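If you read the sequences in order, they're chains H and C. According to the numbering used here, the stretch in the first sequence is residues 1 to 324, in order. According to the numbering used here, the stretch in the second sequence is residues 325 to 475, in order.
It should be emphasised that the hints constitute simulated quantities derived from the structure, not laboratory data. It should be emphasised that the depicted structure is a prediction, and the values quoted were computed from it without experimental measurement.
List of simulated lysine-lysine pairs, DSS-like, C-alpha gap at most 27 Å:
1) C:K429 x H:K134
2) H:K180 x C:K429
3) H:K264 x H:K171
4) H:K264 x H:K275
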Amino acid sequence: MRELNRERDYSQMTSMSFKGMDIISVSDLTKDQIEEILNLANKMIPYAKGEKTTKALEGKILANLFFEPSTRTRLSFESAMIRLGGSNIGITDQQNSSVAKGETLADTIRTVECYADAIVLRHPKEGAARLAAKFSEKPVINCGDGPGQHPTQTLVDLFTMRREQGSMKDKNVVLVGDLKYGRTVHSLVEALALFGANLTFVAPDILQIPQESVKILEKAGVSTNLESNLENAIADADVLYVTRIQKERFPDQSEYEKVAGSYKVDNTVLREAKKSLTIMHPLPRVDEIAPEVDYTENAKYFKQTFNAVPIRMAILSLIIGGQV
Amino acid sequence: MRDFRVTPIRNGTVIDHIECGQALKVLHIMGVGEVRSTISVLMHVPSKDGGWKDVVKVEDRELDPREVDKISLLAPNATINIIRDFNVAEKYKVKMPEVVKGIVKCDNPNCITNVQREPVDTEFIVESKSPVVLRCLYCDRIQGDFTERLI
Ligand SMILES: Nc1ncnc2c1ncn2[C@@H]1O[C@H](COP(=O)(O)OP(=O)(O)OP(=O)(O)O)[C@@H](O)[C@H]1O
Ligand SMILES: [Mg+2]
Ligand SMILES: [Zn+2]
Numbered sequence: 001m002r003e004l005n006r007e008r009d010y011s012q013m014t015s016m017s018f019k020g021m022d023i024i025s026v027s028d029l030t031k032d033q034i035e036e037i038l039n040l041a042n043k044m045i046p047y048a049k050g051e052k053t054t055k056a057l058e059g060k061i062l063a064n065l066f067f068e069p070s071t072r073t074r075l076s077f078e079s080a081m082i083r084l085g086g087s088n089i090g091i092t093d094q095q096n097s098s099v100a101k102g103e104t105l106a107d108t109i110r111t112v113e114c115y116a117d118a119i120v121l122r123h124p125k126e127g128a129a130r131l132a133a134k135f136s137e138k139p140v141i142n143c144g145d146g147p148g149q150h151p152t153q154t155l156v157d158l159f160t161m162r163r164e165q166g167s168m169k170d171k172n173v174v175l176v177g178d179l180k181y182g183r184t185v186h187s188l189v190e191a192l193a194l195f196g197a198n199l200t201f202v203a204p205d206i207l208q209i210p211q212e213s214v215k216i217l218e219k220a221g222v223s224t225n226l227e228s229n230l231e232n233a234i235a236d237a238d239v240l241y242v243t244r245i246q247k248e249r250f251p252d253q254s255e256y257e258k259v260a261g262s263y264k265v266d267n268t269v270l271r272e273a274k275k276s277l278t279i280m281h282p283l284p285r286v287d288e289i290a291p292e293v294d295y296t297e298n299a300k301y302f303k304q305t306f307n308a309v310p311i312r313m314a315i316l317s318l319i320i321g322g323q324v
Numbered sequence: 325m326r327d328f329r330v331t332p333i334r335n336g337t338v339i340d341h342i343e344c345g346q347a348l349k350v351l352h353i354m355g356v357g358e359v360r361s362t363i364s365v366l367m368h369v370p371s372k373d374g375g376w377k378d379v380v381k382v383e384d385r386e387l388d389p390r391e392v393d394k395i396s397l398l399a400p401n402a403t404i405n406i407i408r409d410f411n412v413a414e415k416y417k418v419k420m421p422e423v424v425k426g427i428v429k430c431d432n433p434n435c436i437t438n439v440q441r442e443p444v445d446t447e448f449i450v451e452s453k454s455p456v457v458l459r460c461l462y463c464d465r466i467q468g469d470f471t472e473r474l475i
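Based on the provided sequences and hints, a complete structural model is requested.
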């Protein structure tokens, strides 16, 4: 995690400045820019649901390049583009593209930009999106580069929290699971810090948020709290953000099962929770949230999945440039 | 008369005020193996500020900007003296660039800049100059000891 610094003068920046802009990392966005995306996403909701229609991006083409598997991210981008009146092209299988013949990413990008107005990229190598942005005149949206950034997911998460909880100022956000390696967590935490939320990190020692990140947050005036026990954190939580604990991180299976079991969210754990608690998960989940929780008022992870569409519509219309 | 510890050189470059212990790394940067002239190295000699320094003197050779950038990372206080006809004809302090481009390899094996054939130079933001802290512009990774990864 980097130093949180938003002190540059952004007063000159308006939505005009989004046109053609690459979205590579949340830390490239100012608080005002994030607000603008969230506000526009709100207006996109009826269009995302198909209740209203628009031709804002009619005749525009989005290239979806997925060099790693994805369900939600790819489909929500395609859906967002279509809801805006635009069209999609893409690569979903390296084996069926010239990448299999050894074409570089730089060449692939220089080819694809000839066919599209914006590029969405997921790639296994860290920094791939920055490289793509360097070679492309057309805007590039990073949808995950290895364990690196996935900024639009962060915006979806913020949007969901805002829809469920209103302002995030002084709200208690409890993050649970793999806080060390999980890519969504680091950029989400960085963004939440901008909006004044209090953060509690619940994880076993070996997966706890890195000490440097805590230092950076505290320096930025964010209240942070480290916990190893989920029960201790649940009562004050406004948002419970659950992430998957990966088997691969553990030396042996039995250790994994023990740890995973103790961070499982089920109705028993939720007895102490606020009625207004929002439970989120970036999905896919394995069994960190029991299916019984799906039927509670608190479960918002499928809404979170829907929210991906208005957020991505907002981003696409801002960077490609179309009025809804 | 100056107190020369080595024979004066007619033409060449003196890299002075090198942080103690860095002289051999500086030599390495200049690709000693390929140089066809005399190089002399002074290690741990007193410096006029009361401390100690290393000095490297190369005959019949000037440094290119890439070499100077690399030296600035290893020895941020070094001065480069260009010697012509036994005299110091030019003198300047090395200056660490704000963005270090194309002279260090990223230490993250999963970084896109380490993929062979991608036509791109590495780039690092200098987060701090003392100690030198570099962050990869591509993968965001703060670099470990980069002195072994100069390219
Ligand atoms: N002809 C030469 N052959 C070899 N070394 C030389 C020659 N002329 C100068 N030097 C060396 O180059 C360096 C710079 O010389 P200069 O006369 O500018 O010394 P200085 O005034 O002490 O400089 P500084 O303030 O940079 O330390 C010294 O290390 C000096 O020994
Ligand atoms: Mg001197
Ligand atoms: Zn890198």
